[in-house]
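Enquirer: Just so you know, the protein sequences line up as chains A and B, in that order.
When the letters of the first sequence are read in order and numbered with our numbering, they come out as residues 10 to 411.
When the letters of the second sequence are read in order and numbered with our numbering, they come out as residues 638 to 880.
Hint data in this document are derived by calculation from the structure and do not stem from the laboratory.
For glycine and all other residues, C-beta sits at the position ideal for the given N, C-alpha and C.
The following residues of chain A were derived to be distant from chain B, with all beta-carbon distances above 12 Å: (1) A92; (2) D93; (3) I101; (4) V118; (5) K122; (6) K158; (7) K169; (8) D270; (9) T271; (10) I274; (11) I352; (12) V360; (13) A386.
What follows is a set of in silico ranges between Cβ atoms, one per label pair, in the way DEER data are often shown: (14) B:A667 <-> A:R23: 39 to 45 Å; (15) B:E775 <-> A:I390: 38 to 44 Å; (16) A:S311 <-> B:R875: 44 to 50 Å; (17) B:H829 <-> A:S311: 36 to 42 Å; (18) A:S311 <-> B:Y662: 25 to 31 Å.
Residue-level listing of the chains:
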Amino acid sequence: MFWSSVLLALRAIRRNLLRSFLTILGIVIGVGAVITMVTLGNGATQAVSEQIASLGSNLVIIRPGKRLGPGRDEAGSPNFKAADADAIVAQISALNAVAPVASKSVTVVYTAKNWSTTITGSTDAYFTTGNWRLAAGRLFTDAEQRAGKAVCVIGATVRKELFGEQMPVGDQLRIKNFACEVIGLLQSKGQSTMGMDQDDTIVMPLRTLQRRLTGTQDVNTLMVSVQDGANTDRIMADLRLLMRERRKIAANEDDNFSILDTRQIADAMTGTTKVLTMLLGAVAAVSLLVGGIGIMNIMLVSVTERTREIGIRLAIGALEREVLLQFLIEAVALAALGGIVGITLATLASVGLAALMQVPYVFDPSINLLSFLFSAAIGVIFGYFPARRAAQLDPIEALRHE
Amino acid sequence: MNTVTADPVADDVPLIEFCDVTKTYGQGEAAFQALRGVDLRIDVGDFVAVMGPSGSGKSTAMNILGCLDSPSSGAYRFRGVHVERLSRNQRALLRRHYLGFVFQGFNLLARTSALENVELPLLYRGEARAVRHAKAREALAAVGLDRWEKHTPAELSGGQQQRVAIARAIVTHPTLLLADEPTGNLDSQRSHEIMELLVDLNRKRGITVLMVTHEPDMAQYAQRVVHFVDGRVATDRRNEERH
Ligand SMILES: Nc1ncnc2c1ncn2[C@@H]1O[C@H](COP(=O)(O)OP(=O)(O)OP(=O)(O)O)[C@@H](O)[C@H]1O
Ligand SMILES: [Mg+2]
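So that you can see chain B by itself, here it is in the shape it has in the complex (with noise of 0.2 Å):
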């Protein structure tokens, strides 16, 4: 851990690097190659979106920078550290205090309160009672849920779920945030509250935004759009403006 952790690290390493990676699902005949060589290369504080149509691995990329998931091939650097180097531990431990994860099918702890759900990342921080629930409450207000805190998944709307989701991978304010299609299940009213709370989190926190998304108004958003067709980077440009 003690390569992960150490700081600071130097201003030219990217936060991000993936060399030639590739990730081939099934053996055989059955193979299939989700990921055909994907180079690509994150600054600290960068705002990105992802984009490319269903199917093209953007959400089995995902996965490997959030280290849930590890390549066939190719290399991952996170702050010039070899992830496939570190141990299951390492890694947790890297999950733990740099990233934040909202998953495409948000992954909510179940007939657990929202509350609960949210200062899980906390608690296995080892963050007091107190704290926890100050930091919990805190990020389900700014994803318009400070209502809610006592409902349980099954009591809550697809949309609302996901706003949870959103909470629990920003209450640690992580070096990097995840998200896969974060307003995938949310009016276009919610979406942009979502998406200024992002920018805001980015701007005023640094913390780096990796987004899938298949809306391009909310690709707007990002400082720069990453486009996957098949397994690979199509196109990787700049926004020239943003809101």
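Chain A extracted, bound-state conformation (with noise of 0.2 Å):
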């Protein structure tokens, strides 16, 4: 009985090919929408945990301002000075490195080719901080630190675009009206998703920034790298009466600066790919609904045929439950086939999109199972259950069903 239902719905399938065509057109699009979707929003969010990392693992950044990004109160939280860092390192233990660190946006020359770019001014400890590699060359000499020398260490895409594939170190740039040295060269760290690309970076020793483009003492950010299997809560909240206590903080104020650790830094950022991702999919989910209503009304418009067909089978002798099985078998097919191709397709626009967007390709299987599994539902559903209430008729009714 079993292998006569498959024949039977196989041949019904054979002969609305049209019908069947449309059926699964709508569980692919629906399946294969969802599962894009989702799978480049995954990719994203893991593109910019991947740079986070990047970071360096156990990073703590100190700002002034109560809050991180946009809308942080600045008025009345001054910047920090080079002696902070100081400070931090004489009396907290437990850390790698402490970085001072100020930045400042400008347009450097080479030759005839110009670059805009931003320049951080900082100490050696930043590329510790900063989990950086040299490719080529050395890092600043104390001397040059404190004497606030003209050399800068550059990052790949500064290089590219200035040197093209010459090599840069022992080069002047020449930076507003003064030249500087070339003294390193970064390894690259690879573009970032959020259209920051972390090598178009120049950094340079802290007091030349100061002295030559900023003009002050000032210091952005304090960045402060934990050794490993070190209590980060521990040291962050001494770090936090550290700078109440240096920033003259009374104990009834609230806090002028704010202190983050990267794990923080990360749950917020991804916390935005995230929301971004459902966004995706909730549009994605909307051609799966729209995918489902065009099988709805396939099924629904076949129903008359379908009726008198069922009524055909009833009266040459079928039975309601063999009746049924080969709508169900047919039914189940065509959504099988339609999750398939709308999965294979799936993977494969995924799989080139993220090559595009420069995301990493992240396979999620919950959301293919539940994708197919909708969609399966869908076709089931319609397929099967206006089939149960015509193998229900009398056959005499299902014949003369208009």
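Got two chains here, each in a separate frame; can you build the complex from them with the hints?
Expert: See below:
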């Protein structure tokens, strides 16, 4: 009975090719859209996490103002000084490095080429806190840092834009009104997803930046690298106490700075991409729904013809359950075929688009399963239940169905 | 089902017994009584022609006989079994194993070849593929359609569709063949050929035939002619001589 039902189901699919094709198409579009969108969203989230990981695993960042990000309250929260970094090094243990960071956007010139980039002023510690490796050349010497010499280490993007394939170490860049010697080239960290290119950077001694570019003693950020295995929460608490003390904040006043570790930053940033993924998923879910409604339409339109077909089958001796089994197999076969084609196309599209968008391809079994089950359910519900209603009629009523 | 398949049936039990069968369509004001108390008894091996004016209830009676519809009142016994006491499944099995039905409106599966239409009852009987094909081809040849087995109903004339419907009804060699105007769309040459076929099946295979027709010529082939008028059996006589 099962095999004859399979045979009948396949025959029914074959003789209603257009209807079968449209049903499959509805499922393919729905499944394909959802899987592609969610997979790309997951890839973006992972790219952001990876980028944050490249910041350094145990990084604590101290910034002026109560909050990080837009709407930061800068009023009444002075910048730090280089001495703050020294105080942290002196008073808090279990740290790898502490880097005071100030930055400025400038246009740099080399021969006939110029390039707008951000210059970071800091100490050697910056390369530790930021997980930077040298590709060529050397870092700053103590003398250079103390004297505020015009030397710099450049990122891969700056090198590519100004020097091309040429070795930059030993050459001179023109930054505003002074010449600056390139002493080192950083290893590439790769493009980031947020449109932020980490390799588009120039690092020079903090004192050089302060004297020649910003003209102040201000430091915008303190980057603290914590040793592996150290208690980050306790260190953050210590840092907070130290900074309150140094900034002379009374016991009843709020902090005028914020301390974040990379985990919190990661949470904040991946939180954003997760919301984006959900949004994309929601948009795609609509297409799944539209595909579902398409299937519904096709199935309902064909109910009249199929009711007569069921009447004929019952009249020549088919049992109700045989008719139902045939329709169930038919619906499952179409839904499964649509699901498989949809998943295949979605995988191809995701891999291709992920490469195009420079995000990793992350296979998500649950969304594959979920969208497949959803479309299968639609196919089965709208293929099976009208058939069930028809199969419960008296044969003569099914035959008379107009 | 056991009650239906129980073989053999005692010789004196008629194949079909209608006792005061009525059928009312609709309700209240719109109610219409298509059958007003039909008594009918048909023995195994009989060949009966049913005649009567249009709207006299012939198709209604055939549908009830074919277990496609149920009577509003009265009793229908098939081989002594009360059909109205059977479950849906039992009635389906009764149709599958004992009945062949030629519908007035053919009722072939659309976009399905003649061969597949004809082999369908065999499929539900669980016959093997080779057997199905052989029997279906044989039935199609019997109605003169051996060259049309690949054609779908839309590619066949009305008369050809009717012959496919006949082939589908006889392919299982049913105990009872119910044919509602089986020659309604055929020229007289074809009609006579089909009648010869039915007579042959009736004589050689002992298939009981019940056939609705408007043509006295065709009724001549039957052993017995039942006349319906206004939902009742008006006359019921045996043909003296048969072709
Ligand atoms: N489903 C139905 N609903 C309401 N009335 C019906 C229905 N089927 C048949 N009738 C009525 O019952 C009566 C008998 O119909 P039936 O089809 O049995 O006639 P018939 O003898 O087969 O006629 P014909 O020779 O034209 O085929 C007709 O008056 C018809 O209008
Ligand atoms: Mg009729």
